[in-house]
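Fit chain B to the given chain A structure using the hints.
Residue numbers (my numbering), protein chains in the order written: chain A, 21 to 265; chain B, 29 to 259.
Since the hints were made in silico from the structure, they are not lab data.
Fair warning: this is a prediction, and the values are worked out from it, not measured in the lab.
Every residue gets a Cβ at the ideal spot worked out from N, C-alpha and C, and that includes glycine.
Don't take each hint at face value.
[To be verified] Computed footprint of chain B on chain A, listed as stretches where at least three residues anywhere in the stretch have a Cβ under 8 Å from a Cβ of chain B:
no., stretch
1, 90 to 99
2, 141 to 152
3, 216 to 222
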Amino acid sequence: MDVAYMIEIFPKLIMTLPITLLIIVVSAIFGLLLSIGVTYLRLKKLIIIGPILETYVSFMRSTPILIQLFLVFYGLPVLMNSLGFNAGDFGAITSSIIALIIFNGAYLSEILRPAYLSVERGQHEAADSLGYKPIEKFRKVIFPQLAPIALPGLGNAIIYLVHDTSLVFTLGVVDIMGQAKLMLANTYGENKIEMYLAIAIMYWLVCLSSDRIIKLLEHFTYLKRIKRKSKVKKTKVYKESVSIQ
Amino acid sequence: MFDIGVFLNGIVEISKVVPKTLLLAMFILLLALIMGAFIYLIVHYKVPILSQVIVVLQSFLRGTPNVVLLFFMFAALPELLTSITESLGIPFDANKIEPVFIVILTFSISLSVFQSEIIRGAILSVDQGQNEAAHSLGYSFWQTFRKVTLPQALIAAFPDIMNSLLVIIKGLSLAYLFTVIDILGQAKLLGGFTQRYLEAFAAAAIIYWVLCVLLTKIANKIEFKMREGFN
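Isolated chain A (complex conformation) (with noise of 0.2 Å):
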């Protein structure tokens, strides 16, 4: 073990966590709004896209992350020739953005639906009787009532996506560990317990973070929020807005 070599490569291998950061957010909220979108429409149990949605869920949920990847930076420039658009290449970048949104969207509407689903139908028909219009309804009886159920499984979600950006150096973009290979192969491959163990240490950080930011936006759930609240008055709560089942 040379830890003072681990320490060398630590500055190298961080300039490039930038392109992992980019991968990871824009296909998480791209994903997101995709997801949002899908769950809506299976939500509508609609005569044709229900079915198609269903099997885009299935299909992507029980295929690798990895197989994926390769089908879209192989298959979607002869996907789009055989539609008339001549668009070339994708570059290696792009189609694994892409991969990683199409996967996200089914992945996320699958946390998203059962979330969906668990806010009792008796919170809808009262907020209708109170005369709330839909999108009313929604922000201010459903969505407090989903998001503290959503954000664990969002942020399994968002680690999984960490740990499927590793994989991209397969299609040959430069992150960490195509960084590494890189570095490997300068050196002969000496130093590689100490390069892997400091990638590893790298995306335990990123994972630790993220977990963290997640663990903050549940700290403001409306869930939460009361018991903090009944902690700090604990004499001027009032039953009813505990139990908000």
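Chain B alone, transformed into the frame defined by chain A:
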């Protein structure tokens, strides 16, 4: 363009490695469950130093991707074994270990901490009253475990364990980086052979899909059968 003939041929060729992949995944699951049981015992009985080590290990394994872990093990394990065998004076070339063994070991270690959580949840899900009832009937500790706790915990853990099996099957797709041929590895070989990667990967994707859907169906059937006696 997409060649249907190559694609169909790919499905036939790739489905030949499905049994091997399944066997490998089941073996890894079994090892992970055994290790998970030990980890559960260590955490449950709060063994002084070991339980703290496991907390750190849990966080580390949750935070590092499997690829990095595999690369690390492939670099570190032969060196570690060589230094051990050298100090013991046993003639053994650690660089000649089959890659399959390292893949099995890495996956079972990385999964064992999650299996221990599954085991913990399953054992907690058994009502305390059941233990008390068994105790009042004069059952010994082992009898209680074997006849009361285990059958109920097994049902509670079954869906999660099957889910881990699917995770392992998907995770094994990484093994092609280390010359272990599973479904994706076979697709890669086939793609290189016919110079048609897209068709080979599409065939592999279909096979993964069918495999996962089938396994889920079988698991649901088994779970239904298991629950029959209780409800």
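Results of checking the hints against the structure:
Check on the stretch 90 to 99 of chain A: 5 of its residues sit with their Cβ under 8 Å from a Cβ of chain B, so the three-residue criterion for coverage holds. Evaluation of the coverage hint for the stretch 141 to 152 of chain A: breached, as 0 residues show C-beta separations to chain B shorter than 8 Å, against a requirement of three. Only residues whose C-beta sits within less than 8 Å of a C-beta in chain B count toward coverage, and the stretch 216 to 222 of chain A has 4 of them, enough to reach three; the restraint holds.
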